[in-house]
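Peer 1: Chain residues, written in single-letter form:
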Amino acid sequence: SAVISQKPSRDICQRGTSLTIQCQVDSQVTMMFWYRQQPGQSLTLIATANQGSEATYESGFVIDKFPISRPNLTFSTLTVSNMSPEDSSIYLCSEKRDSGNYGYTFGSGTRLTVV
Amino acid sequence: GNSVTQMEGPVTLSEEAFLTINCTYTATGYPSLFWYVQYPGEGLQLLLKATKADDKGSNKGFEATYRKETTSFHLEKGSVQVSDSAVYFCALSEGTSYGKLTFGQGTILTVHP
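Order-wise, the sequence lines are chains L and H.
Here our numbering is used: position 10 in the first sequence is 17, and no number is missing along the way.
Here our numbering is used: position 88 in the second sequence is 1013, and no number is missing along the way.
Possibly wrong hints are sitting among the right ones.
[As the list claims (entries may be wrong)] Counterexamples of contact, computed for chain H against chain L with all Cβ distances above 10 Å:
id, residue
1, Glu940
2, Ala942
3, Leu944
4, Thr953
5, Gly968
6, Gln970
7, Phe987
8, Lys993
9, Gly1003
10, Ala1011
11, Ser1018
12, Lys1025
13, Gln1030
14, Thr1035
[Said to hold, decoys possible] Across the chosen pairs, the derived CB separations fall in these ranges:
id, chain 1, residue 1, chain 2, residue 2, range
15, L, Phe82, H, Lys985, 45 to 51 Å
16, H, Tyr955, L, Glu65, 18 to 24 Å
17, L, Thr120, H, Thr953, 33 to 39 Å
Hints were generated in silico from the structure; no laboratory data involved.
Yeah, the Cβ is synthetic: ideal placement off N, Cα and C, and Gly gets one too.
Here chain L stands alone, though its shape is the one from the complex:
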């Protein structure tokens, strides 16, 4: 199965600032996904990131707030912009490949606290 390295693992940020989260996959993948897990809640998809095209955002999420980059097939970043305490969550990246028949692999998550 794939290995995803996600960093930072946690951060405490001041409101109004931005944080960029990075995910590195150990081999090339077509699709990467970014999820948010609010405290005590399930995972909600923020956007799908494909290499060479703009990310596709889910309802309730916008590019100005959560800009995503996907410069190549092994790397993606999610930025949480102009943060408020409501952005305090765990953010997780995930990957899906074209070949194989297996479950999606997740990064270890970034635990963000906004103060």
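Dock chain H against the given chain L, drawing on the hints supplied.
Peer 2: Same frame as chain L, now just chain H:
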């Protein structure tokens, strides 16, 4: 749209007890079904999966069978251990949703010695 419903928790069991966590789904096509586990302070790990009707996924003593007729994918384990304490998520992926996962709300399991 797609949706996943899990039994409400938290679930508290004694060690060696039998575990069932119910999961039902709604999907427009023919989904693949997954159970993920999240241990305290960690990310999600795939526990098991099934990709078509009547498939049984199994791993680490856990099992779940894809039941198309009842649109269910209940998680079971015959004898739980303290180390099984975690949050369990049922999820589906359906072709027309371009690969993204839809998650249930999660079930917290606590196993006491």
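Peer 1: Run through the hints listed earlier and report the numbers of any the structure violates, in increasing order.
Peer 2: Violated hints: 5, 6, 11, 12, 13, 15; rest satisfied.
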